[in-house]
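Could you build all of it, start to finish, from the sequences and the hints given here?
Taken in order, these protein sequences are the chains called A and B.
Going by this note's numbering, the first residue of the first sequence is number 1, and it counts up by one from there.
Going by this note's numbering, the first residue of the second sequence is number 1, and it counts up by one from there.
If you're looking for bench data, these hints aren't it; they were derived computationally from the structure.
All of these numbers come straight from a predicted model, not from anything done at the bench.
Beta carbons are placed, not taken as given, at the ideal position from N, Cα and C, and that holds for glycine.
Incorrect hints may appear among the rest.
[What the hints assert, rightly or not] Across the chosen pairs, the derived CB separations fall in these ranges:
#, chain 1, residue 1, chain 2, residue 2, range
1, B, P8, A, F39, 35 to 41 Å
2, B, E68, A, S41, 24 to 30 Å
3, A, T53, B, T78, 17 to 23 Å
4, B, N52, A, R45, 25 to 31 Å
5, B, L39, A, D11, 18 to 24 Å
6, A, P7, B, G72, 37 to 43 Å
7, A, P40, B, P61, 21 to 27 Å
8, A, R45, B, T112, 20 to 26 Å
9, B, L39, A, V59, 25 to 31 Å
10, B, E68, A, T72, 39 to 45 Å
[Claimed, not checked] Facing chain A, from chain B, some residues (calculated, C-beta under 7 Å):
#, residue
11, L39
12, G42
13, F45
14, F65
15, G72
16, G99
17, T101
18, E102
19, A103
20, F105
21, Q107
22, G108
23, V114
[As the list claims (entries may be wrong)] A few chain A residues facing chain B, derived, Cβ under 10 Å:
#, residue
24, I33
25, T34
26, G43
27, L80
28, T83
29, V85
30, G91
31, Q93
32, I101
33, F102
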Amino acid sequence: LAKTTQPISMDSYEGQEVNITCSHNNIATNDYITWYQQFPSQGPRFIIQGYKTKVTNEVASLFIPADRKSSTLSLPRVSLSDTAVYYCLVGDQASSASKIIFGSGTRLSIRP
Amino acid sequence: GAGVSQSPSNKVTEKGKDVELRCDPISGHTALYWYRQSLGQGLEFLIYFQGNSAPDKSGLPSDRFSAERTGGSVSTLTIQRTQQEDSAVYLCASSSRTGNTEAFFGQGTRLTVV
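Quick look at the structure:
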């Protein structure tokens with residue numbers, strides 16, 4: 001399993017764009033990059049997933065450079081409700097034995 | 001149901017007692033996970049049921065922990081002779097197919113061992 005490294009915490013203000021970068025230097029050819037969001041007292045929620053270049057949905061964008069050794073989750077115009085822990089993980093979608101392992105995550109705090 | 005359902009939502013038990021936690025995954029989902037999350041900590045992987053293959057039990061912390069998945073649907077996590085360090089939120093997740101890293105989580109069971 002490719003290990004991921006992300007900042008322990010980040011702070012920002014309402015209305016700002018927030019970018020959280022994750023390093024995964026040992027990512028394998030079949031690995032996809034997935035991000036989850038977890039609010040206090042809730043289970044994690046899938047946000048976005050990608051393989052290369054850029055993926056965008058109604059919640060966030062995911063930027064993946066050509067070498068795929070890192071990825072950046074971008075949250076546009078954050079609000080107080082975006083305060084949560086964000087987890088980056090990589091996994092081989094082609095292998096049934098591939099399991100979902102979470103790292104420490106990034107604790108994002110949004111201030112008024 | 002539409003989502004992953006876990007029961008009970010809260011459980012207080014005495015040290016040394018056995019507990020059973022239940023997970024109802026999304027219908028048709030072949031992959032099922034159990035995790036443990038202590039206060040302020042990340043998610044600790046416990047066990048992974050991967051369709052018809054043998055479950056991956058590599059995350060179970062001791063032989064007091066076991067899990068079953070009957071008929072490819074409902075799963076039960078059993079903790080025998082509970083200890084205070086077992087106190088945590090136990091989360092279940094299911095995924096539409098094995099290997100898919102898009103999973104759906106339940107609300108968890110908060111276990112308190114007194």
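| Cut-off 10 Å, beta-carbon criterion: hint that A/I33 touches chain B | For A/I33, the interface hint holds, since the closest Cβ of chain B sits about 9 Å away, which is under 10 Å.
| query | Is the hinted range of 39 to 45 Å satisfied by the C-beta distance from B/E68 to A/T72? | reply | Holds: the Cβ-Cβ distance is about 40 Å, inside 39 to 45 Å.
| Per the CB criterion, is A/G91 less than 10 Å away from chain B? | 4 Å, holds
| message | Does B/G42 hold up as a contact with chain A if the rule is Cβ-Cβ below 7 Å? | response | 5 Å, holds
| request: Grab the minimum C-beta distance from B/F65 to chain A and call the hint holds if it beats 7 Å, violated otherwise. | output: Violated, because the Cβ-Cβ distance from B/F65 to chain A comes to roughly 17 Å (cut-off 7 Å).
| That 25 to 31 Å hint for B/L39 and A/V59 (C-beta), does it hold up? | 27 Å, holds
| said: For the restraint on B/G72, tell me whether the closest CB of chain A is nearer than 7 Å. | reply: Violated, about 14 Å.
| Interface hint for A/G43, Cβ within 10 Å of any Cβ on chain B | 3 Å, holds
| query | Range hint 25 to 31 Å: satisfied by the CB atoms of B/N52 and A/R45? | reply | 28 Å, holds
| message | Is the interface hint satisfied for A/V85? The criterion is a beta-carbon contact with chain B at less than 10 Å. | response | Since the shortest Cβ distance to chain B is 8 Å, the answer is holds.
| message | For the hint 17 to 23 Å, verify it against the beta carbon of A/T53 and that of B/T78. | response | Violated, at about 45 Å.
| said: Under 7 Å is the threshold here; is the Cβ of B/L39 close enough to any Cβ of chain A for the hint to stand? | reply: 10 Å, violated
Hint compliance for this structure: hints 1, 3, 11, 14, 15, 23, 27 and 28 are broken, all remaining hints hold.
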